[in-house]
Amino acid sequence: MKKAHKKALSQFIAVAAMAGASSFALAADNIKIALAGPVTGPVAQYGDMQFTGAKMAIEQINAAGGVNGAQLEGVVFDDACDPKQAVAVANRIVNEEIQFVVGHLCSSSTQPASDIYEDEGILMVTAASTSPEITSRGYELVFRTIGLDSLQGPTAGKYIVEQVKPEKVAVIHDKQQYGEGIATAVRDVLIEGGIDVPVFEGITAGDKDFSALISKLRQSEVDFVYYGGYHPELGLILRQAAERGLDVGFMGPEGVGNSDISAIAGEASEGLLVTLPKAFDEDPKNAKLVEAFKAKNEDPSGPFVFPAYAAVQIIADGIKLAGSTDTEEVAEALRSNSFDTPTGVLSFDEKGDLKDFNFVVYEWHADATKTALTE
Amino acid sequence: MPESLFYFIQQLLNGLTVGSTYALIAIGYTMVYGIIGMINFAHGEVYMIGSYIAFTAIAALALFGIEFLPLLIIGAFIVSMIVTSAYGYSIERVAYRPLRGGNRLIPLISAIGMSIFLQNLVRLAQGSRDIAMPTLITGGVSIGPEDAFNANLSYMQMIIFAVTLITMTLLTLFITRSRMGRACRACAEDLKMTNLLGINTNGIIALTFVIGAALAAVAGVLLGMYYGVINPYIGFMAGLKAFTAAVLGGIGSIPGAVLGGLLLGVTEAMTAGYFSSEYKDVVAFSLLILVLLFRPSGILGRPEVEKV
Chain A
1 MKKAHKKALS QFIAVAAMAG ASSFALAADN IKIALAGPVT GPVAQYGDMQ
51 FTGAKMAIEQ INAAGGVNGA QLEGVVFDDA CDPKQAVAVA NRIVNEEIQF
101 VVGHLCSSST QPASDIYEDE GILMVTAAST SPEITSRGYE LVFRTIGLDS
151 LQGPTAGKYI VEQVKPEKVA VIHDKQQYGE GIATAVRDVL IEGGIDVPVF
201 EGITAGDKDF SALISKLRQS EVDFVYYGGY HPELGLILRQ AAERGLDVGF
251 MGPEGVGNSD ISAIAGEASE GLLVTLPKAF DEDPKNAKLV EAFKAKNEDP
301 SGPFVFPAYA AVQIIADGIK LAGSTDTEEV AEALRSNSFD TPTGVLSFDE
351 KGDLKDFNFV VYEWHADATK TALTE
Chain B
1 MPESLFYFIQ QLLNGLTVGS TYALIAIGYT MVYGIIGMIN FAHGEVYMIG
51 SYIAFTAIAA LALFGIEFLP LLIIGAFIVS MIVTSAYGYS IERVAYRPLR
101 GGNRLIPLIS AIGMSIFLQN LVRLAQGSRD IAMPTLITGG VSIGPEDAFN
151 ANLSYMQMII FAVTLITMTL LTLFITRSRM GRACRACAED LKMTNLLGIN
201 TNGIIALTFV IGAALAAVAG VLLGMYYGVI NPYIGFMAGL KAFTAAVLGG
251 IGSIPGAVLG GLLLGVTEAM TAGYFSSEYK DVVAFSLLIL VLLFRPSGIL
301 GRPEVEKV
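Read top to bottom, the protein sequences are chains A and B. Just so it is clear: in the first sequence, position 231 is 231 by full-length UniProt numbering, and no numbers are missing. Just so it is clear: in the second sequence, position 109 is 109 by full-length UniProt numbering, and no numbers are missing.
Check the hints yourself; a few may be wrong.
To be verified - DEER-style ranges, computed between Cβ atoms:
#1 B/G127 <-> A/A287: 35 to 45 angstroms
#2 A/P112 <-> B/I66: 57 to 67 angstroms
#3 A/V43 <-> B/G127: 17 to 27 angstroms
#4 B/G127 <-> A/A44: 22 to 32 angstroms
#5 A/V87 <-> B/I106: 46 to 56 angstroms
No lab work stands behind these hints: they were computed from the structure. Don't be surprised by glycine CBs; every beta carbon is placed ideally from N, CA and C.
Same shape as in the complex, but just chain B:
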């Protein structure tokens, strides 16, 4: 039955594409949680802002007469990552840093407030209607027979895989090899102790937010180009899914976020492909509950150890 095999491959590719972008957003949740133990609910909105900035950047570059595609896309990435990182830094500085050290619930409320603020800010500035962009990258390759069902992989999907892979590799290298990365890991290990040893923990926390925002911007640019349509509400659902992915993989663990994202994406695609789109979210969240029942700290999460 080669046809059903190609159908399986097709749904796998669909799932991995969506999953990669969940993973990119999930890293923002997991890094922040890993260091300060807080869930940054405004992260989904940061992704949405990343998309808006990418659209604006592409429109602006096209206005200046730049029509060379790679330049346009690289330009969108650079502008969006820089501006969105600035957002990430500002959010941390304005909404979380003043509240640090208090009850853990307070920054959480502040995060929800920030999320509502950002969503409405974009809605007022850009309008609440969908904004669409023509497809920039068309075409793809087909795997399988010409006359029957064949799996196709678009160039845009390939770009999503490639960019996700490159970004993850760079992030892993940064965390494991650089001095700053080592400081990050130290903060995740024990924030108070790291501070005592003379590391500027506030700076490291801000850096975490900046990295998370930059990765969300990457996801924003990729998904903005992939779907071609954005509105101020896309951050909510994307944030929820990415948060789920982070919890599924084990919140606090970066490889866990990647694994969780891919698993969630593939589960959704397989449910929609073999069962029904109606049950896609039901199955995805049932999976989450099942995993948490048997591994409360997620697939790759470390069990919570009481620090003495």
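Here chain A stands alone, though its shape is the one from the complex:
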């Protein structure tokens, strides 16, 4: 009796899972890839970007003959960007014996779900979670095709060393995790590049008066300033620097790159350098792919569309290289090879992060537009 009851329950779970999961390519020996992310909830539009990119990749790989003779099959799971639901989704994926996951989207969902995947030997590639935490726990089967919050510093530092070539640089930050982290990374790259950094100090977020700091920068005769933090403080610094005749170049991370900085600093925001993730859909190499999205009436411009496409592609390429669907072998193949994807040539480090993810240096203009300075 007890056994029958258990069977009925598992059937019920299977039916429920089928109702929630929509399959869209059916064949006997398909390789299933779970696409996990928010279909509903407040950030569903970001989920759409991820699904759009991943589905396009599955379609194109299948059209080109599939993977080792098998077709890929994408199965969508909705975690609503809710950590609790993400764990439930992860358990369902385990139950359905799916080996590969593209997702999740929100770092807070990806983190608990990845615990389950790692334990159950499922390979996960996230195309959107940028928290450094996720790959810092020594997991073997966790990868990501998007940059980390902490990657911007080296990009900015390299650009300053190679392109701006200043003699003395001041590095200022707002003493917060994000800002100070990036500023420290920039300072290290600058010192390595032989540039003098006489001023490295923090300000208090929310401060309004930077006159003492600006006088100090004038006196120390720096010819370039890097700021790690957000736009309200940098806006005021730019404005007060212009009023006080501190005529040097400024640079900041993506946290300063929005239209508010032009509203605050006005003319003083002209010429500010900003690092932002690359707009993959504007890359001429991807013109054909962009056409394919537009032909299906889908928007290729979201930040996660191309990383999701790349996530599916590296799973397919990894299976091809490993010659099997054994996740440990595929993970090994991902670590030891590089992959030519629409987001560039990708290779992974020990942690499963991209060795380099392109942040692009933009020149900001007073009318809140920007022009790309690097590839």
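Starting from the known structure of chain A, fit chain B onto it as the hints suggest.
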């Protein structure tokens, strides 16, 4: 070493500018404390409202085609001082007067509530994003060599010094020479006795709040124009700094508030200039603790005398 001298002058000027505005706000704290012995924690928000009204007034005047700068600025001062004074009066009437005579802790809680209410009111009405205004007064004078480091003093900083000085002089004249000022001083001396002698103490207390709010409005207009950016949260930090200045100088004493404000501003600028911006608040508050250790009633404060 003339260059280091000019650097010192520059940081001194930076500190005095910030300090003057701390002083203007600190007077609001100190006057209210001097009379009813209560700390009006909503005072920082009154300053913030003063800034918002100044921005609105300047935008409205510009909309009517008035572009003559002095008129624009004087207009902003007048409108902001009147409306902010009305706020000051209303706050006292609504949140403090009904609670007077009870435990001293109760109006304090009411003040904190008022502060949260005002901050959220502005946030809902104006949005929580920064509002920016173009720089109205540009330029300044440089002191020192052309080719090396020179101290510069912007016209806006000069206006801040001038307006602070004029306001302080007028306030001192009012307190020391006028009948109302004498009533204020009497209230500060002994509230109950003053009431017995036939002075409307409720009116005097309301007047104190109005004067404090008007001075906060002056600071709001000046700092709004100086920095060009405001948001609903500026009142909190400004209020905290001004309160510190008031305690440093001796709470209850008007010259003490001015001295405390200037001292705090200069200490901050010197720390940021010679040491690091990171330690600016640490040093400023350490100074406060040191002063209170050796002079518990502040630099110019009178020691508390038990009234019999």
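Going down the list of hints, with the structure as the test:
{"no.": "1", "hint": "B/G127 <-> A/A287: 35 to 45 angstroms", "in the structure": "holds (40 angstroms)"}
{"no.": "2", "hint": "A/P112 <-> B/I66: 57 to 67 angstroms", "in the structure": "holds (60 angstroms)"}
{"no.": "3", "hint": "A/V43 <-> B/G127: 17 to 27 angstroms", "in the structure": "holds (22 angstroms)"}
{"no.": "4", "hint": "B/G127 <-> A/A44: 22 to 32 angstroms", "in the structure": "holds (25 angstroms)"}
{"no.": "5", "hint": "A/V87 <-> B/I106: 46 to 56 angstroms", "in the structure": "holds (48 angstroms)"}
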